[in-house]
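Undergrad: Take these sequences, add in the hints, and give me the full structure.
2 protein chains.
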Amino acid sequence: MTGTVVALSGGVGGAKLALGLARVLPEGTLSIIANTGDDFRHLGLAISPDIDTLVYTLSGLVDPAHGWGRRDESWNFMTALAQLGEETWFRLGDTDLAMHVARTRRLAAGEPLSQVTDRCCRQLRIATRILPMTDDSVQTRVRTDAGWLDFQDYFVREHCAPAVRELAFRGADAAQALPDAIAALADPGLRAVIICPSNPYLSIAPILAIPPLRTALSQCKAPVVAISPIIGGRAVKGPTAKMMAELGLTPSAREVALHYANLIDVFVVDEVDAGMTEIPGVRMQSAPTLMTTLEDREQLARIALSAADEFSLHQSKFRLP
Amino acid sequence: MTGTVVALSGGVGGAKLALGLARVLPEGTLSIIANTGDDFRHLGLAISPDIDTLVYTLSGLVDPAHGWGRRDESWNFMTALAQLGEETWFRLGDTDLAMHVARTRRLAAGEPLSQVTDRCCRQLRIATRILPMTDDSVQTRVRTDAGWLDFQDYFVREHCAPAVRELAFRGADAAQALPDAIAALADPGLRAVIICPSNPYLSIAPILAIPPLRTALSQCKAPVVAISPIIGGRAVKGPTAKMMAELGLTPSAREVALHYANLIDVFVVDEVDAGMTEIPGVRMQSAPTLMTTLEDREQLARIALSAADEFSLHQSKFRLP
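Line by line, the protein sequences are chains P and C.
Residue 260 in our numbering sits at position 260 of the first sequence; the count goes up by one each step and never skips.
Residue 1089 in our numbering sits at position 89 of the second sequence; the count goes up by one each step and never skips.
Going by beta-carbon spacing under 10 angstroms, a handful of chain P positions derived as facing chain C: (1) 45; (2) 77; (3) 78; (4) 98; (5) 101; (6) 108; (7) 120.
These are calculated hints, taken from the structure and not from any lab test.
By construction, the Cβ of each residue, glycine as well, lies at the ideal position given by its N, Cα and C atoms.
TA: If you want it as structure tokens, here you go:
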């Protein structure tokens, strides 16, 4: 099948599938709507962790060991910063720093984040469009037993240790969805929307918290396929399972499916979760979802796209006389 | 002799003598009033070239090959910046960058430059006080045949190639002199003021362009000793001699002495200029002024201080009954 594809993604886990999609789809047909709820200012620099992870992953610059940051990174800036007695809890590599310095300068000069990101993608020859969910500020905040924390304070400084009781996306209600993101979801040639296996509560929820984006997704004509970030009750990476338990949810693929139920058509779970109880209105599909190699990513991308195509075909059959 | 000493300094040449002074004087007795006319914003970062050169020189971090920047520097940030298609004409090393990022953040948070500098000195265990001439913005500008240029555009981007016709220090008239600098010059225990062999027109002139600083210097009770940056008609480093010719001045030690004549008591020239015609009201002293080794710097520092002490003694003799 042909057509355009939109992916919703956070950082590392999502970027892996985004890379798979970018590699199996015809060049220029993929747009990724990226979470910017984790964006923050540190040392005066504008940092967009999920956009950077997508940029580095899609350009091949990513550090393969971590899935974020740049490969062959050096840390001389951090060493000098420590020597000056400055804050060092958030580590910025020497080459990674170029992204933040350039972004900070351009934002200060009035360029919107989407334009800064687009320029960067063209410069690094990334054919996939990376679309920040909004050019406005949305801040993911985490209520813990010790009170509200900014996301990076929770995630990096506190190493996700505090128990999470509630999440909020400050500014999301009033944020203008990126027009290109809305347009991508309304594209008559849209083949599928893929919700990447990012943290549903931390990384995908901020995107869906922007009312026009949520509306555009619910009204979109193409099948919406989500991939479970939970495999056999555990998260592949990050605090998803721990956080689900803290929020009073069962850390399971089924719980994630229920979370997405009224937005998605197909839910892809790992083979170990193949026996899970069906959810009305959601097609279940099982597949190997752990992405270790590049081939894993491409394979999962093909499976997600096929699932969307089959769903479309199925729908058409029922619609035909 | 005991007492405090104030040095006026720009970048590399001045910092060499400043280091010599810091090493031969009792700890904590030296204050350096630093030129900030070269300060500028680049990539959104607040850069203070002369302060940084002084900080790096006095802390032992300086790159001995250049006399500015940090030793064992790496340039991975610049490589990544070029990859992103950003401006690279002003090169910022990975470790040097820590200074600019920290300064930019602190200035944005409302800390004055003097406090930022002082904190940095304490952190790097520099016992000498480095005092920015002002916490206000003063910008050295250069009129060339192609029009007015900001200093760094002239100095770094254009490699000092355009002929200089005029210099201006934007903001100097209205700038508040740093109170600590005024106080240092008014200190009753002041032993000497040393005008370092920096470029008189580019590096020392901005300091003297701030009216209260110029007044404080002319009214100061201690002898004022300047060291010629011109040796045998040539500048040791930088565009001093070329610029003097372009400004219609003879590139000579004597011309510099005339420039300083009504502000100084003693002028130290190199031995090759020992025969120069006397200038009324200025004691001439010749000495080896080329500072190659650390010993050269200490020796010149001792000579400058002795010249000041001798002048004081001479004055006292005449004053005594």
